[in-house]
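Participant: Given only the sequences and the hints, what does the whole structure look like? Please build it.
These are the residues of each chain, in order.
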Amino acid sequence: MDLTFATSSEIAAAVKNGKVTALEVTRHFMSRVQTLDKQINAFVTVNEKAEEAAKAVDAKIAAGKDPGALAGVPVAVKDLLCTKGLRTTASSKILGNFIPPYSSTVVSRLEAAGAITIGKTSLDEFGMGSSNENAASGIVRNPWNPEYVPGGSSGGSAAALSARMASAAIGTDTGGSIRQPASFCGLFGIKPTYGRVSRFGIIAFASSLDQAGPMAHSTADCALMLETISGACSHDSTSASLEVPKWSQLLKDDVKGMRIGLPREYFAEKLDPDVDRVTKEAIEALKARGATTVEISLPLVKHAVPVYYLVATAEASANLARYDGMRFGHRSSNAAHGDLDDLYSRSRGEGFGPEVKRRIMLGTYALSSGYYDAYYAKASQVRRLIRDEFLKAFESCDVILSPVCTSPAFKIGERINDPLEMYLNDIFTTSTNLAGLPGMSVPAGYSSKGLPIGVQLMGRHWDEAKMFNVSLAIENALGAAKARRPHVI
Amino acid sequence: MSSNHPFGSYEPVIGIEIHAQLSTKSKMFCASSTEFGAGDNDHICEVCTAMPGALPVVNKKAIEYSIKMGLALGCQIRDRSVFSRKQYFYPDLPKGYQISQFDLPLCEHGKVEYILDGKKMEVSITRAHMEEDAGKSTHHGEYSLINLNRAGTPLLEIVSGPDMHSPQEAAEYARTVHKILRYLDVCDGNLEEGSFRCDCNVSVRKKGENIFNTRVEIKNINSFRFVEKAIEYEILRQIDCMETGEKINQETRLYDPDKNRTFMMRSKEEAHDYRYFPDPDLLPVILEEGYVEKVRRELPELPLKRAERFQQEYKIPEYDSFVLTQEKEIADYYEKVVKASGNPKAASNWVMTELMRELNDAKKTFAQSPVSAEQLGAMVMLIDKGTISGKIAKTVFAEMWATGKNPDVIVKEKGLVQITDTSAIEKAIDDVIAANPAETEAYRGGKEKLFGFFVGQVMKATKGQASPDMVNQLLKKKLAGG
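Heads up: the protein sequence lines correspond to chains A and U, in order. In case it helps, my numbering puts the first sequence at residues 1 to 489. In case it helps, my numbering puts the second sequence at residues 490 to 971.
Simulated crosslink set (DSSO-like; lysine-lysine; CA at most 30 Å straight-line): (1) Lys287(A) / Lys449(A); (2) Lys575(U) / Lys550(U); (3) Lys378(A) / Lys575(U); (4) Lys575(U) / Lys93(A); (5) Lys84(A) / Lys549(U).
Because the hints were derived from the structure by calculation, they are not lab data.
Facilitator: Set out below in structure tokens:
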């Protein structure tokens with residue numbers, strides 16, 4: 001069995017049937033990490049206890065117990081999710097050597113299902129960025145072309161998975177942080193409906209927008225991963241107590257009669273010609289399989305980026321106040337003796353990177369007395385209207401399709417000095433977070449330079465099932481995910 | 490306001506914010522214990538220490554308690570209230586913000602009534618909202634220590650209108666709110682442990698004016714007496730400023746009970762912009778239809794209402810009614826004694842004198858009383874039936890207190906039954922008269938003051954068991970020569 005290119009469900013089945021041990025699988029992927037990550041820099045921390053966990057899965061199987069749906073599947077976990085006993089940094093100097101005494105619900109559920117946490121992957125510090133260039137552990141490179149960014153903020157997870165240093169990965173998405181890197185690295189990646197996945201133990205960026213979700217090499221793996229991590233959690237008041245469908249079993253390559261909404265405004269943007277071509281190919285493929293297309297209009301989404309950057313930064317400014325050097329993380333040794341304010345300023349000043357500081361300042365400003373109504377309150381109102389607009393649009397279609405980004409991956413360093421240009425990169429993805437809708441990136445083709453390009457699917461609240469079916473149809477029709485392999489593999 | 494008011498031509502304006510710790514077992518947003526007195530940082534978890542990724546989950550009991558108190562304060566209860574983040578940096582505030590309620594509090598627009606010097610007073614309640622407490626910092630010169638046991642403890646902040654005009658009114662208002670909290674059993678009311686703290690806002694104006702001058706906040710007072718004294722000092726300080734033309738600054742002050750003065754803690758210039766916004770980690774608190782009414786139906790009778798009922802139903806004096814309703818368990822106890830004895834006045838006397846004295850001396854609460862209400866009631870009944878005299882009852886009570894035995898058992902065991910047998914009493918009187926010829930002579934000669942002496946001698950001879958009424962009656966007759 002070729003472990004490198006097997007799907008996660010194939011690995012789990014092989015481990016369960018005794019064709020391969022979880023330990024062998026873990027060692028296989030660990031050795032790939034040792035070899036390949038020197039070029040990619042996807043991992044912040046490798047899990048030294050991965051083999052131990054794999055042995056426990058093998059012992060379970062030997063004892064005749066059910067090892068779980070993800071038995072022995074090596075998973076790369078974004079370093080924003082707390083892992084008990086395993087360093088968790090948010091790619092920030094301020095968390096330095098933070099070792100959580102608890103695991104996030106997502107990680108607990110994966111491990112309970114037999115998955116092996118192979119390591120913690122790099123991200124833009126605290127999830128703030130679209131290129132994985134804002135990481136304390138350094139820039140992450142795109143396995144398809146190491147001159148290019150892997151996208152962000154879940155760039156480490158995307159790069160690790162793309163180079164097959166893991167079989168599946170977990171990212172988080174506040175404004176596109178799963179979908180955009182998935183698109184840049186040729187992966188399936190889903191941000192589920194807000195409330196589908198518990199946020200407990202996930203270091204918060206913007207609480208009302210953050211959702212964790214899987215990245216995978218196939219629609220089926222993506223569905224299997226998501227159903228494993230979804231569901232109500234008593235530690236997160238915003239997690240929904242809805243039953244979680246068994247998407248991996250419900251999956252059907254059938255889009256006959258499905259109405260695919262195409263938002264006029266998204267296609268009016270200045271699109272890279274390759275993105276335009278690939279998106280159209282995906283639409284044609286769906287039509288050929290019996291789907292119909294409906295032009296829809298979402299006039300308010302033009303405000304999504306500014307609304308997003310007010311809401312997200314406002315929440316972040318409060319969420320990041322706890323990094324004060326008092327209880328954990330970086331504490332400055334340069335502060336004036338007995339000066340508390342100086343200790344705060346220096347600890348935070350030394351610990352946070354420039355993009356995080358920029359966003360804390362933006363958010364603090366948006367919430368300040370005298371500016372609250374004009375910024376945060378107004379943004380919250382527009383956010384509600386954007387949500388309403390999507391709900392209206394879904395009256396005439398089942399799934400909305402659009403590009404993920406205006407372009408494929410860009411070169412390292414190309415946009416890092418232009419925050420506004422970087423923020424506009426999120427133009428197609430932020431609105432789903434604002435509306436709480438599920439969004440997915442599906443590999444659909446390649447640029448003329450050989451870089452992967454994904455298309456975005458957006459669904460109704462709690463209707464990930466339809467998106468998975470559309471994803472499977474695109475996967476089978478275009479075969480993009482299997483057509484090529486990255487440069488570093 | 491009476492004309493002989495101590496502040497002359499000035500009128501103080503006082504409003505109070507009370508922080509009452511709700512007596513839930515676990516904290517407001519996590520499962521950590523709220524128990525007082527544990528070792529430093531023993532009752533903490535990832536939520537109340539604000540570890541990365543930890544999330545708050547609201548304690549439903551705290552909401553129920555807050556609604557109870559809101560209703561008892563006559564407030565309107567919002568069916569949708571919202572938790573907000575109040576942001577400031579301090580080492581004992583782990584998240585860098587306090588979860589509180591801001592523009593959409595749970596309870597609003599209530600009022601509290603109380604009696605001061607026989608006059609019914611009313612104070613409006615602007616709002617009562619839920620929030621979490623911070624931890625505790627202690628400063629040790631070169632370093633400071635943080636104890637987060639208290640961090641995340643549920644509080645109800647009760648904000649009054651600026652309706653009080655004397656230190657006495659303010660203290661009585663605080664006592665009244667404290668009493669109601671205790672009645673509802675939603676706060677242990679322990680002042681020393683910080684379960685009940687007052688922030689007093691004080692300003693002063695010329696009598697007859699209807700303006701609000703610059704106010705000063707005196708923070709964190711944890712005694713009713715200090716509320717009174719701190720406010721009094723502050724009023725006099727402000728009057729002094731006005732008289733001398735000194736500017737009164739809007740500031741926060743602290744009260745030092747040892748020096749009996751207030752001193753500045755921080756000025757308005759240092760005031761925070763708290764940047765409140767709705768906490769996205771918590772959904773709005775939405776109350777199911779009928780829930781508030783359900784809680785309302787379960788509310789106990791409140792102290793002032795109960796005192797008024799006691800006066801009417803049991804015909805006891807106003808003073809007694811207030812003493813007996815100062816705590817719910819006292820009032821409950823009293824009513825059980827009434828029920829068991831059928832004599833409200835005697836019940837009130839025994840509860841307020843003998844029992845309260847013994848409980849005080851033994852530092853016991855009514856719940857811990859070795860004499861049950863039923864036993865005390867039975868004893869009152871024995872007096873009323875003439876089985877024992879009031880005097881013997883004191884012996885019986887002492888025995889009940891010491892042994893916890895029923896009064897009829899004690900009376901039987903100790904042979905304390907009152908002597909109501911006429912011939913037995915007459916025999917004792919005859920013996921006393923025969924033994925005291927000189928006194929008998931003197932009495933019959935007009936020295937009627939000696940009557941008491943004879944009563945004493947007869948009671949002594951009967952070991953105090955003779956019915957005092959009958960002794961009086963028969964002795965008069967015999968001494969008169971009958």
